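S.K.: Sequence:
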Amino acid sequence: MLDSLASYFAAHAMARPGSLVIVGVSGGADSLCLLHALWQLRERLGLRLHVAHIDHMLRGAAGRADAAFVAAAATAWGLPVSVERIDVAALAASE
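Per our numbering, the very first residue in the sequence shown carries number -4; after that it's consecutive.
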């Protein structure tokens, strides 16, 4: 799988060595799998990774738990992480 992902990056010129790749991570299995794969390939592809997570404030404690989990995973892998909280319901009501 890692070779396929590396080949896909190369074939589609998705990032050049030294590129910063911001990885949106929800906390679900699919985004964590992608993050882990990119983490394993970061040196081979010459990428700098930054993890981003947005808590949309729609799921209460579950959303806060996902944010904490993503931040902990990124920190454990030595990656910078940005976690933001956006009150999507309030934003939608105002717009």
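Hints should not be assumed to be uniformly reliable.
Unchecked claim - Quick list of simulated restraints, FRET-style, between CB atoms: (1) Trp72 x Ala5: 20 to 28 Å; (2) Ala87 x Ala60: 18 to 26 Å; (3) Ala84 x Asp(-2): 27 to 35 Å; (4) Leu0 x Arg54: 28 to 36 Å; (5) Ile81 x Val16: 17 to 25 Å; (6) Ala5 x Ala85: 24 to 32 Å; (7) Leu53 x Gly13: 32 to 40 Å; (8) Asp25 x Ala1: 13 to 21 Å; (9) Arg11 x Ala84: 18 to 26 Å.
What the hints contain is simulated information worked out from the structure, not anything from laboratory work.
Since the structure is predicted, the reported quantities are computational estimates derived from the model, not experimental observations.
Every residue gets a Cβ at the ideal spot worked out from N, C-alpha and C, and that includes glycine.
S.K.: Give a verdict on every hint.
M.R.: Here is how each hint holds up against the structure:
With their beta carbons about 23 Å apart, Trp72 and Ala5 fall inside the hinted range of 20 to 28 Å. In this structure, Ala87 and Ala60 meet the distance hint of 18 to 26 Å, their C-beta atoms being roughly 23 Å apart. Checked against the hint of 27 to 35 Å, the pair Ala84 and Asp(-2) fails, with Cβ atoms roughly 43 Å apart. Taken as a hint, the range 28 to 36 Å holds for the pair Leu0 and Arg54, whose Cβ atoms sit roughly 30 Å apart.
Judged by the Cβ atoms, the range 17 to 25 Å given for Ile81 and Val16 holds: they are separated by roughly 22 Å. Look at Ala5 against Ala85: about 43 Å separates their beta carbons, and that is not inside 24 to 32 Å. Look at Leu53 against Gly13: about 37 Å separates their beta carbons, and that is inside 32 to 40 Å. A hinted range of 13 to 21 Å for the beta carbons of Asp25 and Ala1 is consistent with their spacing of about 19 Å.
A beta carbon spacing of about 39 Å between Arg11 and Ala84 contradicts the range 18 to 26 Å that was offered as a hint.
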